[in-house]
Amino acid sequence: MQHEELFTFLGKTADTAFGVNERGEVCFWSEAAEKLFGWSKKKALHNSCYALLQGIDVLSTPTLTKDFYARELSREPWGIPSFDLEVATSFGRRIWVNLSSLLFEDSRSHYRLVVHLARDISEGKKREELLDNMLRVFKQLKAANGGGRPSPISPLSGKEQGILQLFWRGKSASEVARDQQITLQTLRNHLHHINEKLGTHDRLQAVVHAMHRNLL
1 MQHEELFTFL GKTADTAFGV NERGEVCFWS EAAEKLFGWS KKKALHNSCY ALLQGIDVLS
61 TPTLTKDFYA RELSREPWGI PSFDLEVATS FGRRIWVNLS SLLFEDSRSH YRLVVHLARD
121 ISEGKKREEL LDNMLRVFKQ LKAANGGGRP SPISPLSGKE QGILQLFWRG KSASEVARDQ
181 QITLQTLRNH LHHINEKLGT HDRLQAVVHA MHRNLL
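Under our numbering, the residue at position 150 of the sequence shown is numbered 150, and the numbers go up by one with no gaps.
Any given hint might turn out to be false.
Stated by the list, open to error - In silico DMTMM-like pairs for lysine to aspartate or glutamate, Cα to Cα no more than 20 Å straight-line:
id, residue 1, residue 2
1, 42, 84
2, 159, 202
3, 171, 129
4, 171, 120
5, 43, 57
6, 126, 202
7, 41, 31
8, 66, 76
9, 66, 31
10, 43, 25
11, 126, 72
12, 66, 22
13, 126, 76
14, 126, 84
15, 125, 57
16, 126, 86
17, 125, 84
18, 66, 120
Because the hints were derived from the structure by calculation, they are not lab data.
Produce the complete structure using the sequences and hints provided.
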């Protein structure tokens, strides 16, 4: 198969796909990639993949650079395991994606490129980060309590428990307000009362404290 045939094939799929050559330049950009990352095909093609996506891995190491592709495409045997990456979008925000990679070599010219298939995992990463933070705060609260029973508190209302339950599920403040059909200011008022009752200082501590007391 020649790379023109590959691009035609990938262009017909709904998968988020893009191709990068050994110089780290984007040489294929699917419609799904335009939707996910926001960058148009005109903007992406022949651009540096790193300059476009500004990818960093879980260790904050710059990835998808020219050196990255030159190194990976020259390896024998070849193989890039799937990995998670934080990238920039044209929407002014960064998202997390999981990238799987395929090596393509033109049967005639032996021209090599990497084809990436991407999927958005931002929600999962947000939940992972929330759980990590909650575990940290939980340990802090447990240490502050000396591992004993939590001190008495004023009971939470059903509304307040519902709000904490939504935050525990990884919802943002705007999503919680929309679910509860209240304004953000009203939500802030509820959080203020929740923190007063639990003796906490922010919503993360409040969620962990409520879990510690089996209120969620």
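So, going through the hints one by one against the coordinates:
1. Between residue 42 and residue 84 the CA atoms are separated by roughly 26 Å; this puts the pair beyond 20 Å, and the hint is violated.
2. For the proposed pair residue 159 and residue 202, the alpha carbon gap of about 17 Å is at most 20 Å, so the pair holds.
3. Under the criterion of a C-alpha separation no larger than 20 Å, the hint pairing residue 171 with residue 129 is consistent with the structure, at around 13 Å.
4. About 17 Å separates the Cα atoms of residue 171 and residue 120, which keeps this hinted pair within 20 Å; it holds.
5. For the suggested pair residue 43 and residue 57, the alpha carbons sit about 23 Å apart, so the restraint of at most 20 Å is broken.
6. For the hint pairing residue 126 with residue 202, the CA-to-CA distance comes to about 18 Å; that is within 20 Å, so the pair holds.
7. With a C-alpha separation of about 8 Å, the suggested pair residue 41 and residue 31 falls inside the 20 Å cut-off, and the hint holds.
8. Annotation: proposed proximity of residue 66 to residue 76 holds, straight-line Cα distance about 18 Å (limit 20 Å).
9. Distance hint between residue 66 and residue 31 is unfulfilled; the C-alpha atoms sit about 24 Å from each other, more than 20 Å.
10. As the CA atoms of residue 43 and residue 25 are separated by approximately 12 Å, the hinted pair is consistent with the 20 Å bound.
11. Between residue 126 and residue 72 the alpha-carbon distance is near 30 Å, which puts this suggested pair outside the 20 Å criterion.
12. Proximity of residue 66 to residue 22 is assessed by CA-CA distance (about 7 Å); at most 20 Å being required, the pair is judged to hold.
13. Taking the CA atoms of residue 126 and residue 76, the gap is near 36 Å; set against the 20 Å cutoff, the hint is violated.
14. At most 20 Å may separate the alpha-carbon atoms for a hinted pair to count; residue 126 and residue 84 meet this at roughly 13 Å.
15. With a C-alpha separation of about 13 Å, the suggested pair residue 125 and residue 57 falls inside the 20 Å cut-off, and the hint holds.
16. Distance hint between residue 126 and residue 86 is fulfilled; the C-alpha atoms sit about 12 Å from each other, no more than 20 Å.
17. Restraint check for residue 125 and residue 84: satisfied, since their Cα atoms lie roughly 10 Å apart, inside the 20 Å limit.
18. For the hint pairing residue 66 with residue 120, the CA-to-CA distance comes to about 23 Å; that exceeds 20 Å, so the pair is violated.
The structure fails to meet hints 1, 5, 9, 11, 13 and 18 from the earlier list, while all remaining hints are met.
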